[in-house]
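The whole structure should be built from the sequences, with the hints applied where relevant.
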Amino acid sequence: MRRSECEGGNYYISLMQSLDQIRPDPDALLASLKKEDEKATKAKLKIFFGMCAGVGKTYDMLKSAHDAKSKGIDVVVGYVETHKRVETESLLQGLIVIPRKKLEYRGTFLEEMDLDAILSRKPKLVLVDELAHTNAPGSRHTKRYQDVQELLDNGIDVYTTLNVQHLESRADTVSQITGSTIRETVTDSMFDQADEVEIIDIPPDELLKRLSEGKVYTPERSQQAIQNFFRKGNLTALREMALRLTAERVDHQLRDYMQTQRISGPWKSGQRLLVGISQSPQSASLIRWARRMAYTMNASLVAVTVETAKSFSESDKAQLSKNIKLAQELGAEIITTADEDVAQALVRVAREQNATQILLGKPQRLFFFRKNLLDRVIEKSGDLDIYVVGGTEESSVKSKPSHFPEIQSNFLQYIAAVAAVSVIAMLCYPVTSFLGYQTVSLILLLTVALLPLKLSAGPVILAAAWGALVWDFFFIPPRFTFAIASGQDILMVITYFAIAAITGTLTARIRAREKAVRQREERAVALYNLTKDLSSARGQNEVARAVVTNIKKFFDAEVTVFLSDVDGDIFTKAHQVSTFKVDEKEFSVAVWVYWNEKKAGKFTDTLPFAQATYYPMSGPRYPLGVIGVKFNRSQQLSNDQDTLLQNFISQIASTLEREQLNEIAQKSIAFVESEQLYKTLFNSISHELRTPIAAIISASETILENKTVNNSEVKENLTDEIHTAAERLNRLIDNLLDMTRLESGRIKPALDWCDINDLINTALRKLDRELSKHKIIVDVSSDMPLVKLDFVLIEQVITNLLHNATLYTPPDSNIQIQAFVEDQECILIISDNGSGFPKEAIQRIFEKFYRVPGSKAGGTGLGLSIAQGFVAAHNGAIKVENKKEGGARFTIRFPMQFLNQNVVKE
Amino acid sequence: MSNQSLVLVIDDEIQIRRLLQITLEAAGYKVYFAASGEEGLQQVAMVRPEIVILDLGLPDMDGIGVLKKLREWATIPIIILSVRASEQDIIGALDAGADDYLTKPFRSGELLARVRTSLRHGEITEKGTLFQSGSLYVDLANRIVKKNGEVIKLTPTEYSLLTLFVRNAGKVLTHRYILKEIWGPTFEEESQYSRIYVAQLRKKLEIDSTNPKLLLTESGIGYRLSVEQ
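Sequences listed follow chains A and B, in order.
Take the first sequence: its position 347, counted from the start at 1, is 1316 in the working numbering, and no numbers get skipped.
Take the second sequence: its position 53, counted from the start at 1, is 61 in the working numbering, and no numbers get skipped.
Treat the hints as calculated values from the structure; they're not laboratory data.
Values in this document were obtained by computation on a predicted structure and should not be read as measured data.
By construction, the Cβ of each residue, glycine as well, lies at the ideal position given by its N, Cα and C atoms.
Just to be clear, a hint being listed does not mean it is correct.
[Claimed, not checked] Here chain B is said to cover these stretches of chain A; the calculated rule only asks that three of the stretch's residues, wherever they fall, bring their Cβ under 8 Å from a Cβ of chain B: (1) 1210-1217; (2) 1716-1729.
[What the hints assert, rightly or not] Which chain A residues face chain B? A few, computed with CB under 10 Å, are given here: (3) Val1387; (4) Thr1693; (5) Ala1695; (6) Asp1703; (7) Ala1732; (8) Arg1734; (9) Lys1735.
[Stated by the list, open to error] In silico DSSO-like pairs for lysine-lysine, Cα to Cα no more than 27 Å straight-line: (10) Lys188(B) with Lys1757(A); (11) Lys221(B) with Lys1744(A); (12) Lys1717(A) with Lys112(B); (13) Lys1567(A) with Lys1554(A).
Okay, here's the thing in structure tokens:
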């Protein structure tokens, strides 16, 4: 019984396991689905891949192009290099060739592919030879593969050719094998991205035969080539590499296929490789190595740089950003972290990122009394696997010149350290007898302890050692020898050196840490300030202003902002808050950045001739705009500053997005409101329009047809009815027109000096008839100045309020109009002594089409709403209340400029 | 009516034409009609009307265009009668040479008054130096201004402003026109001058300055010196 239970349990577990094995990793599935999706819509890249020149890649490419053409596909030749090979040249015939672009460079003309011509021609398929080619200076991109990327991004299929030695991750190995340096390289991501890779392979012997027949190069060049690059050994190695790479690719494709077809198989465990990169030139080969390894393992790659307080020379900084860029190009995710302890930082990031392996370069110099980085990483790593990769000869040779400036920059520090100790010693020397030589050591110790305030650790240690020697030689008896008489003194010298070195380095380290903390704090504060400004900014203009001031302040740069409009259309000019002007050339860079959503301009590979660097602000639906930054200094931003700037920009982008969504939301609210208005209007039309029309028709018919109406009084009454109805219709139309103007936001007050007396009188005259049954009291203060208002709009406001008063008060009521100045505001009060508004109505009185329940016919429900709209257009406010003594009171306040009447002289 | 004035109405709306015919003929005018701008221009040359009532929305050309063409050779009074009611439209028409502007819907009485004023305005410019309206009496030749027979002292600027109104009595004068005529072209935007001086003139000339009967405000456009009283 017990046994069978046990078996049952086992069975269950194994079932679970097998289920687990069958079930594909959901993330991987999602990714593969996405990939499938992208592939369906994206332009296709086909690479004709070979081991070296002369295998017939261009030839095959052209043949495929003819095949495509015969299928009716629109094929053009973007750039093909025939090398004057007859067979190849004959294949060019019958294909449309886009003329090359000529670029002048130092007096000579260089021919390049005309990218813009192809983009505007928009063929289905374009042939672009030699993917690894470096473009002539002055081209949009530094590398041809970037051109190809742009073609693909624009939905144009590309056929291209590539040799194995030009692949970034293989360049090192190839140069090791062949002994020649590879300058033109293509990022591996380009190769991975290819939808199809066709390997063009011929056996080395045959290639050599073709070479000697002069089919590849001219005879004299062939001879040279066979002796150098095209040795049989080289060719075999290159061929193997090319074949292996293609095989690996096939393997990947198979895996991808299995994933997309949900075929269960050996699912990847989601390995993650972490590579530590530094400012060392060796890092480059380490990164390439990591990339190869990650590719074979099908693992993702994370590259980590650790910032310490140590200051880098300019060349080091440049090398570091070069390394980071390389890692980026090779598809690694870049993480920058700040920590004084590099080893600890690496392990920390590895754990945070769930990395399974860490790759490190083999240390070149071993420290004397400090454990090297590798040891410490191993010590802390726990269950993580550590790979150590050796450096190559070439890169270590390269590294020397790059270290030279660092020593030079520190050189002064070392001199200063020695000088400081020497001067103190010289000052002490004459008074030694008075002080005693042991006191001198304390003074020197103090000096060394103070040095780290200005100097870094190395010079301080030198100062400590120098101090020990000086003390020994000049002060400890017997003087002027290094010999020390007493054992006590020997101990003193050693202790002195130890204390000096330890205090010195400790202080230096504390200071360095302090500096790092300060820098980090500065960055945090900068980001905080930006976020604060952005969150308080309302509307795109304020956001743009916040962007400009913050970037300008923190990066010491001039800034220009381009914002696309709410409908996602591209900008046509820089935003007015921009602090530098862009000419047409700069503007075209911004436009490129907008369409391609990649940064470009100065310090980048794309359009580097520009004066400023342009960063895209990507949004979920369309690009939000571009920020151009023109740095006042000549150097590139350091890596962490660049990261900060990118942070700034993504922060800005999300704020802009928020603003745009806000605007859209508001628009849709306005839309709903106008829908509502439409409905109310529709209901209202039937009543408000038809009532007076009915009155007109029936009254006029009675007059026309009913001859019995001979009574002149009846006739007059009927005519009067017609007149009243027509007036009412007219008022309704006026109101509707005013409302439409308000709704469309087209009300812009034409401010002009107005005499309030005149305003009130004009309104009163207009309502002569309606007001005839009321008592009007006008009270305008005698010192009322001229005020700037739109005469017609405010006259309408007063008219509407007066008309409202006539409708809702009984005949013989008083209507009072007051105008005076209070606290720099012009106050207009219109009140009556009627019954006032019901409590529940007072809240809704300004709503469109709202009418107080039970009020008499004749109003449209629009008058007060229009009055409010016109007042608001003047930035004024209108308020309604019931007077304590009864009746309604409308108070209007205009904040405004006044004109003292005395100002105008004869 | 002893001398029937000839009125030419240029309007394509039949209902308005019928209404105008009834109203104007009842007031003793002889009315001619034109249904398009082109026809209107021909009629002015042929019929030689004493006054033209012109609609702005004509089927063949814009009323302002007709107005400008007419003003090239004719000095007869032209009254615009249009549904276009915005201040810019009105000012534009007045600047283009219209003597008066009335918006549809209009009151027949108002229209007749404007027609009378415009016709009389032609007489005033010819006769010239004496003007009387309600309580106001102005003798331009002798620079005498009287209210209810009492001589009123005016400052030079007030006087020249009043002269401008008298010379154009019954006509709407735009703010810009007044400013340009009295203070010069550089003052065309300084509307506070005209407001203050008109207010001062009212204080001196009107019987009740808070309820002016002489110097009338045309909202958003300008002022008019009334000739009806």
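Now the hints, each set against the structure:
no. : hint                       : in the structure
1   : 1210-1217                  : violated (count 0)
2   : 1716-1729                  : holds (count 7)
3   : Val1387                    : violated, 78 Å
4   : Thr1693                    : violated, 14 Å
5   : Ala1695                    : holds, 7 Å
6   : Asp1703                    : holds, 9 Å
7   : Ala1732                    : holds, 9 Å
8   : Arg1734                    : holds, 8 Å
9   : Lys1735                    : holds, 8 Å
10  : Lys188(B) with Lys1757(A)  : holds, 20 Å
11  : Lys221(B) with Lys1744(A)  : holds, 20 Å
12  : Lys1717(A) with Lys112(B)  : holds, 24 Å
13  : Lys1567(A) with Lys1554(A) : holds, 17 Å
Hints 1, 3, 4, counting from the list given before, are not met by this structure.
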